[in-house]
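Trainee: Sequence:
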Amino acid sequence: MAIIPSPLLGELLTANRINRQAGMCFYNQKRFACGDWSWTSFAHRCNYEYRTGETCGMRLVNMTENEKTNCRLCEKIETKYRRRSAEVDRLDRWKREGANLVASMDRSHKLIMDLEKEIRSLQRERDDRRSTLQR
Numbered sequence: 246m247a248i249i250p251s252p253l254l255g256e257l258l259t260a261n262r263i264n265r266q267a268g269m270c271f272y273n274q275k276r277f278a279c280g281d282w283s284w285t286s287f288a289h290r291c292n293y294e295y296r297t298g299e300t301c302g303m304r305l306v307n308m309t310e311n312e313k314t315n316c317r318l319c320e321k322i323e324t325k326y327r328r329r330s331a332e333v334d335r336l337d338r339w340k341r342e343g344a345n346l347v348a349s350m351d352r353s354h355k356l357i358m359d360l361e362k363e364i365r366s367l368q369r370e371r372d373d374r375r376s377t378l379q380r
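Going left to right, the sequence shown walks through residues 246 to 380 as my numbering numbers them.
Any given hint might turn out to be false.
To be verified - Keeping only pairs whose Cα atoms sit at most 25 Å apart, straight-line, the calculated SDA-like set for lysine to any residue is: (1) K313 <-> V333; (2) K325 <-> F287; (3) K340 <-> Y326; (4) K340 <-> K321; (5) K325 <-> L305; (6) K313 <-> F287; (7) K325 <-> R365; (8) K321 <-> V347; (9) K313 <-> L356; (10) K362 <-> T324; (11) K325 <-> V347; (12) K355 <-> K313; (13) K325 <-> R352; (14) K313 <-> I357; (15) K362 <-> N315; (16) K275 <-> E310.
Claimed, not checked - Computed spacing ranges between beta-carbons, pair by pair: (17) D351 <-> R327: 19 to 27 Å; (18) T309 <-> S366: 23 to 31 Å; (19) D372 <-> T285: 19 to 27 Å; (20) E342 <-> R317: 44 to 52 Å; (21) R335 <-> R276: 19 to 27 Å; (22) G280 <-> R335: 27 to 35 Å; (23) A348 <-> R375: 37 to 45 Å; (24) M350 <-> T309: 47 to 55 Å; (25) K340 <-> E361: 16 to 24 Å; (26) H289 <-> D351: 53 to 61 Å; (27) H289 <-> E370: 49 to 57 Å; (28) R327 <-> A348: 18 to 26 Å; (29) N273 <-> E323: 24 to 32 Å.
By construction, these hints were calculated from the structure, which means they are not laboratory data.
Just so you know, even glycine gets a beta-carbon here, dropped at the ideal spot from N, CA and C.
Please put together the full structure from these sequences, using the hints given.
Mentor: Structural data, given as structure tokens:
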């Protein structure tokens, strides 16, 4: 259960006491090893509702679950890095052996460039998401 300092009384408020005082809804949170986080299940509703069955739209953390794995974006980035590394190793081996596989080498070089572009795109998406949440 989240404990949040009270600006008025100087005391710590539990999620249940905040729920009675202010209009907030509480959700559980998942924190990944990479530092990223996501909302998970709905914990409990506040008294303020627009319509029956809907939440107020404001979210407070009820409980944080720590994961040992990375988030989806970080896993995708790591996968692309491994794939790029394997392709670079293959291209270096072909160059070292003096292979006459010009078409394969060109395709491999193009694949490396595409993977680098995808990695930059995923990193930008991750950075944008993190900077948006920190405002």
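Trainee: All hints are to be evaluated individually against the structure, with a verdict given for each.
Mentor: Verification of the hints:
no.	hint	result
1	K313 <-> V333	30 Å, violated
2	K325 <-> F287	33 Å, violated
3	K340 <-> Y326	21 Å, holds
4	K340 <-> K321	29 Å, violated
5	K325 <-> L305	34 Å, violated
6	K313 <-> F287	22 Å, holds
7	K325 <-> R365	10 Å, holds
8	K321 <-> V347	30 Å, violated
9	K313 <-> L356	31 Å, violated
10	K362 <-> T324	14 Å, holds
11	K325 <-> V347	24 Å, holds
12	K355 <-> K313	35 Å, violated
13	K325 <-> R352	17 Å, holds
14	K313 <-> I357	30 Å, violated
15	K362 <-> N315	21 Å, holds
16	K275 <-> E310	5 Å, holds
17	D351 <-> R327: 19 to 27 Å	22 Å, holds
18	T309 <-> S366: 23 to 31 Å	29 Å, holds
19	D372 <-> T285: 19 to 27 Å	23 Å, holds
20	E342 <-> R317: 44 to 52 Å	38 Å, violated
21	R335 <-> R276: 19 to 27 Å	37 Å, violated
22	G280 <-> R335: 27 to 35 Å	33 Å, holds
23	A348 <-> R375: 37 to 45 Å	41 Å, holds
24	M350 <-> T309: 47 to 55 Å	49 Å, holds
25	K340 <-> E361: 16 to 24 Å	18 Å, holds
26	H289 <-> D351: 53 to 61 Å	59 Å, holds
27	H289 <-> E370: 49 to 57 Å	32 Å, violated
28	R327 <-> A348: 18 to 26 Å	24 Å, holds
29	N273 <-> E323: 24 to 32 Å	26 Å, holds
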